[in-house]
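Chemist: Since chain A is already given, all that's left is putting chain B on it; use the hints.
So the chains spell out like this:
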Amino acid sequence: MCTLEKRGHVFVLTLTGDGEHRLNPTLIDAIQDALRRVRADPTPGSALVTTAKGKFFSNGFDLNWAKAGGSASQERVHQMSSKFEQIVADLMSLPMPTVAAVTGHASAAGCMLALSHDYVYMRKDRGFLYMSELDIGLPFPDYFMAMLRSKIAAPRARRDVVLRAAKIKAEEAVEMGIIDEAHSSPGETVEAAMRRAEELAGRKWDGEVYASIRKATFSEISGVLGLVKKLDIASRL
Amino acid sequence: MEHQMVHLHQWPACRLERRGRVYILTLTGADDHRFNPPSLDDILTALKLVDQAPDAGALVTTNEGRYFSNGLDLKWIKTNLSHSALDIIRDKFEGMLSFMMKLGIPTLAAICGHAAAGGFMLALVHDYRFMTNGKGVLYMSELDHGMYMPRSLMSVIKSKLSPVSLREVVLKARKFTASEALEFRIIDGVYDDAAKTIDTAIVEAEKLVARGWKRDSYANLRAGAFPEVIEEIEARRDPYVWRLKGFSVIGNLVFKQ
Numbered sequence: 001m002c003t004l005e006k007r008g009h010v011f012v013l014t015l016t017g018d019g020e021h022r023l024n025p026t027l028i029d030a031i032q033d034a035l036r037r038v039r040a041d042p043t044p045g046s047a048l049v050t051t052a053k054g055k056f057f058s059n060g061f062d063l064n065w066a067k068a069g070g071s072a073s074q075e076r077v078h079q080m081s082s083k084f085e086q087i088v089a090d091l092m093s094l095p096m097p098t099v100a101a102v103t104g105h106a107s108a109a110g111c112m113l114a115l116s117h118d119y120v121y122m123r124k125d126r127g128f129l130y131m132s133e134l135d136i137g138l139p140f141p142d143y144f145m146a147m148l149r150s151k152i153a154a155p156r157a158r159r160d161v162v163l164r165a166a167k168i169k170a171e172e173a174v175e176m177g178i179i180d181e182a183h184s185s186p187g188e189t190v191e192a193a194m195r196r197a198e199e200l201a202g203r204k205w206d207g208e209v210y211a212s213i214r215k216a217t218f219s220e221i222s223g224v225l226g227l228v229k230k231l232d233i234a235s236r237l
Numbered sequence: 238m239e240h241q242m243v244h245l246h247q248w249p250a251c252r253l254e255r256r257g258r259v260y261i262l263t264l265t266g267a268d269d270h271r272f273n274p275p276s277l278d279d280i281l282t283a284l285k286l287v288d289q290a291p292d293a294g295a296l297v298t299t300n301e302g303r304y305f306s307n308g309l310d311l312k313w314i315k316t317n318l319s320h321s322a323l324d325i326i327r328d329k330f331e332g333m334l335s336f337m338m339k340l341g342i343p344t345l346a347a348i349c350g351h352a353a354a355g356g357f358m359l360a361l362v363h364d365y366r367f368m369t370n371g372k373g374v375l376y377m378s379e380l381d382h383g384m385y386m387p388r389s390l391m392s393v394i395k396s397k398l399s400p401v402s403l404r405e406v407v408l409k410a411r412k413f414t415a416s417e418a419l420e421f422r423i424i425d426g427v428y429d430d431a432a433k434t435i436d437t438a439i440v441e442a443e444k445l446v447a448r449g450w451k452r453d454s455y456a457n458l459r460a461g462a463f464p465e466v467i468e469e470i471e472a473r474r475d476p477y478v479w480r481l482k483g484f485s486v487i488g489n490l491v492f493k494q
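Order-wise, the sequence lines are chains A and B.
When we follow the working numbering, the leftmost residue of the first sequence carries the number 1, and every step to the right adds one.
When we follow the working numbering, the leftmost residue of the second sequence carries the number 238, and every step to the right adds one.
With the rest of the complex left out, here is chain B:
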């Protein structure tokens, strides 16, 4: 039985819909869906709504336009360095990642465009990944941008990648097309266009919903299968560090060179 898509809420950064018991979170707009405090607040509000909805059986996260997400909003960070920008954005970004890891329902990412750095991490934190064939790439850009990888974020990456893929992703900052990502087992399927990618994700989600799993069981098993990720995120053992031209940023301190 095909359910109708029900529109639930629209925020500036995202939209929440529901098809049967599958909730669909779409990062909206034609831009590159960067993560800054306003957009992260919107996303987290949507996620909390899903978590609190008693009928929610699965979550599909997807995007409009050519970008899933290009990660943290570096412009916002540079502008707000003197105002604890990194603390604020880190709270919200890592809060989103650990919220996703704790969600008691299956999560599926329908990646219909580029997913880089923080955007790639958001995709990785989902249980299943489907991607559109085409120009979009998965790219962990930190190495290219002189950013250190804190243990909180490395734990997310390591949990979902095999040793060979890990080297290619993190130590080569390789740009993976959808087919390559499939070959390296980073994603579960490749589809011809965005509509097919999203539809497949929803159909898979419906199959998982039909299994009737209990939320606490599911969350507990995810934490068991991918241990220490939530703990490492919440432990915050390393500051965010950037080596940029002329200066370094370590946590909230800026060092001129």
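One chain only, chain A, in its complex shape:
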């Protein structure tokens, strides 16, 4: 499902296998477990890179699993959405810089997973970012929309992602200000992400301070995720 390793100062979370890395409860639990282990490591000056094997970064929630629930299919979608919200909250409060190395298609919740990272690097030779909900006729969970508003500031870019359900390739995504860098191949994308992560880890920032500043920067999504406590500043004095 996923592996966690540490290379130098960088944790590398990899979604394994050649499939679509659909975010069903099992995979979500595995990711959550990995993030727990990342947090539990007391070494300061670290960073996280999240990546995936195969053609897909992640194609979103496991809608087949939901459909298989028959009358409980709505409930299953809700279950995945709630569980995934925890991952997003974990990433938005992770006490270290985070880099997504998007090595394939990232759709819907998969796109959210990428955008939950501080930096997004993506391969340009194939794959696209795609919020598919409008095409499927599904609503956005509140926290999806809040994330998009927090991370995609430019009105036309937001319009293209949300209201045009555009399939956006890496170079276009860079131009639209949605991601940071586009690279020629999955290998190069991961390497560049690792270099960035090492550089950020090398700044030896206090993890809790970093997380607090991240939450303040993206205050809307942090608020929606319940991450902001009014006494955040006072509690550090």
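No lab work stands behind these hints, which were simulated from the structure alone.
Warning: the hint list may mix true and false statements.
To be verified - For each label pair, taking beta carbons as the anchor points, the in silico distance ranges come out as: (1) LYS444/B - LYS6/A: 46 to 52 Å; (2) GLY177/A - LYS409/B: 18 to 24 Å; (3) ARG126/A - ARG388/B: 44 to 50 Å; (4) THR217/A - LEU403/B: 17 to 23 Å.
Bear in mind that the values here come from a model prediction, so they are computed numbers and not experimental data.
Note that beta-carbon positions come from the ideal geometry of N, C-alpha and C, so glycine has one too.
Modeler: Leaving out everything else, chain B in the frame of chain A:
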């Protein structure tokens, strides 16, 4: 398959046509398409027809002549100050803007001429903007005319402009040519003449119609992507305020200086 343009209705201020599932609203006449109660009534009637048409898949708004619209009819307002002019015109103008924001189909503006103040706002409230290259400019003239920007209208402007563009548009009252507007990402495309602008808008509209989106999904996502605009328009937290030569107008009150 190329659909025929079907003429649906002509009002004094505008005309409604349909090409396939794309409805086309044209602000008619060679004048500057100012917004006053009669013209706003016509436009809103047309918009309601589109909203109620079960086959409507997209709306293209465009204009005849050299003006998209120069905004609110200040002459009408000055003449009717003693008769709650600002209340009346505000109801209708902001009603049109919030109606557009709630419409459950993609909206595209084919701007074939000047769009100033309220006219620029009407263009901004659309999801997509295409403009004709030439003498037409986009111009938020309020600063030049001593008009305050109420939060209702500022919310429309802020929703569609990046911080840098916002400063240029609102705090500089800059006049943008089509190419400049494209450069500042205020519009989506620039075309050589009105016919090409309108045609491109219709072709884009047809592509969007072909996606088969549900109306409530679309409206809901637009409200999510551009939050609080409808709420701010409907909240009416600020009066319209003008500082003119010799007097000020605040809401329905006129103060001589």
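Chemist: Can you give the numbers of the hints that this structure goes against, from lowest to highest?
Modeler: none
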